[in-house]
Amino acid sequence: MTAAGRKRASPASIIGHAAILVFGLAAPFVFPSYTFQIAMLWIMILFALTWDILGGQMGYNSLGNILFFGAGMYISAVVQISLVYDVAAYTSAFGAVKVDFTTAQYFTGIGLGIVAAALACTVFAVIFGSMVFGLRGPYFAIGTLGVALAAGELVGGWDYVGGGSGISMPVYPGEPEARSLFFYTLCFVSAISTFVFLKWAYSGRFKTTINAIRDDEEKAEAMGIHTVRYKIVAWGIAAFFLGISGAIFGNMAGFIEPLEVAFPTITFGIFMVVMSLLGGKGTLWGPVLGATLFHIIKEVSWTYLLGWQWVALGTLIIVNVVFFQQGILGWAQEKWPAFFGIVVDDKLSAKGAVASEAAE
Amino acid sequence: MTNLIEVSGVSKRFGGVVANSQISLKVPEGSITGLIGPNGSGKTTLFNSVVGYHPIDEGSITFEGREISNLRVQQIARLGMLRTFQQTRIYGKMNCMDNMMISVPQRQMPLARMFSKFPREVIERAEAILEFVGLYQKRLLPAGSLSFGQQKLLEFAMALINEPKVLLLDEPTAGINPTLINGLIDRLRHANQDFGITLFVIEHNMRVIMNLADNIYCLAHGEMLAHGSPDEIQDDQRVVDAYLGAH
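So the protein lines, in turn, are chains A and B.
Residue numbers 1 to 360, in this note's numbering, belong to the letters of the first sequence in order.
Residue numbers 361 to 607, in this note's numbering, belong to the letters of the second sequence in order.
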């Protein structure tokens, strides 16, 4: 938790991490009929983790992060198609061209597509960041929401990428089982990479600085901290991983279009906020926990409360926001502060009396 | 002694309100300079102008001979001029150690160090300074859970670890109990003498400022009223009138 009280990994924590890894690796074989659902769970975890960089750790509630998901999806699609076809001809033909990607073309395309999506989205974040980071508080939330909505509309009117009728993605060259395993692996690896990267990034100066921006940005400026630089980098990180997730999701879905699949501000765009709040924003594990619970509740209510599923989700959000604002981990931290390293030290100084002389 | 800060002919208006009019003052290097004046006399406005919080309407402000009135807050802070706030500002949800560590100077910070961990020396130094202000035991508590007086001490400690050349303190003893005030005066003096930090202090508590400062400026109605040693200021009829109201 703290930069000062760095702890060695305890056996319990090692077992916990190992259990998650084992679950992730074994899930598609143990629960083959749920492979798609569990792949979506990893995407949801990635969503919550990346939203929390700004929303939780830095105190900037972005409602527009979905922008990078959609942008990544379209960038990847264009890269994949342009390797083999003319993109405009491909999209305007809408299935009339006999689409045929060889196995090598397909995998090269998807690899390049993911890389291009990640890099381009990072560049977008830097460009949009320098525009919207002048906004604070609710204005930032509305400003980013506006950017995401505008992106959906713009793509919808852009014929080169198929406009409102979307793009049929290249077809996976193999059996359906192999396909679902392939995409499951991509989702799993990208979520784990996001987590590991953030765990590393949150272990030092980066986390402390963006936390300082959250607690009092004006003070941080008065102390000479490079606030703008950190804000842009933080958003760039979120955009990088969201771009990857978009590229993967687009291929996994098989068909992409602007409003429902690429820039779904009112479903995925809101889910990422809700998941972080549910688990406890501003913590590393909170978003993971929140995403897992949310995804399970969502899937269960879609199965057993069909017709009422949105009501159930709405109720969850209301209970969360009204009674439980600090989220699960935030609540645990209040209840058991000592477990999170929030303690009064009995020692008066680091080295006892000697230290106080040295300080004099 | 050379002058670290020189303010000459600075005016600042907010709409029709003249908050500072033709203010000139000098803060000699190594000194403790006081700034007093009745409520609303423009002290904090002057502080804000000096640290670059808002642009000034006329005049010039130099720091170590360099014009700074056109620089932004962060740039001025990185030159080595730091301020504390009248309403104490700390990072409430972060613990005291993190508050300290984020305050180490970022004068030359390459991009690559954005993600670096805090080196052992920084942690030790943060602990030593927290001990100096008497907050070592509470270093792992969220700063927001400290009492107001302790938060003031923490803010002061955060300023110290930044190793500024000059520290602008806006009412450092406001809202602190008398016992803690004596401790704070000692620590301010200590910071000035042993760490070589020039202090520029706004203070309402006359006992404190008369004890602490080498020379004092007095503002009233946005204008410079008087300047002198603590004794001269205490005997100045204009200052007494400004505070008590002239008949």
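No lab work stands behind these hints, which were simulated from the structure alone.
For clarity, every value in this text was computed on a predicted model and none was experimentally measured.
Some hints here could point you the wrong way.
As the list claims (entries may be wrong) - Among the chain B residues that face chain A by a calculated CB cut under 7 Å, a handful are:
#: 1; residue: R438
#: 2; residue: D458
#: 3; residue: V464
#: 4; residue: L500
#: 5; residue: N537
#: 6; residue: T539
#: 7; residue: R547
#: 8; residue: R549
Just so it is clear, CB atoms sit at the ideal spot from N, CA and C, and this is done for glycine as well.
In rising order, the numbers of the hints this structure does not comply with: Of the numbered hints given earlier, those the structure breaks are 3, 5, 6, 7, 8, listed in rising order.
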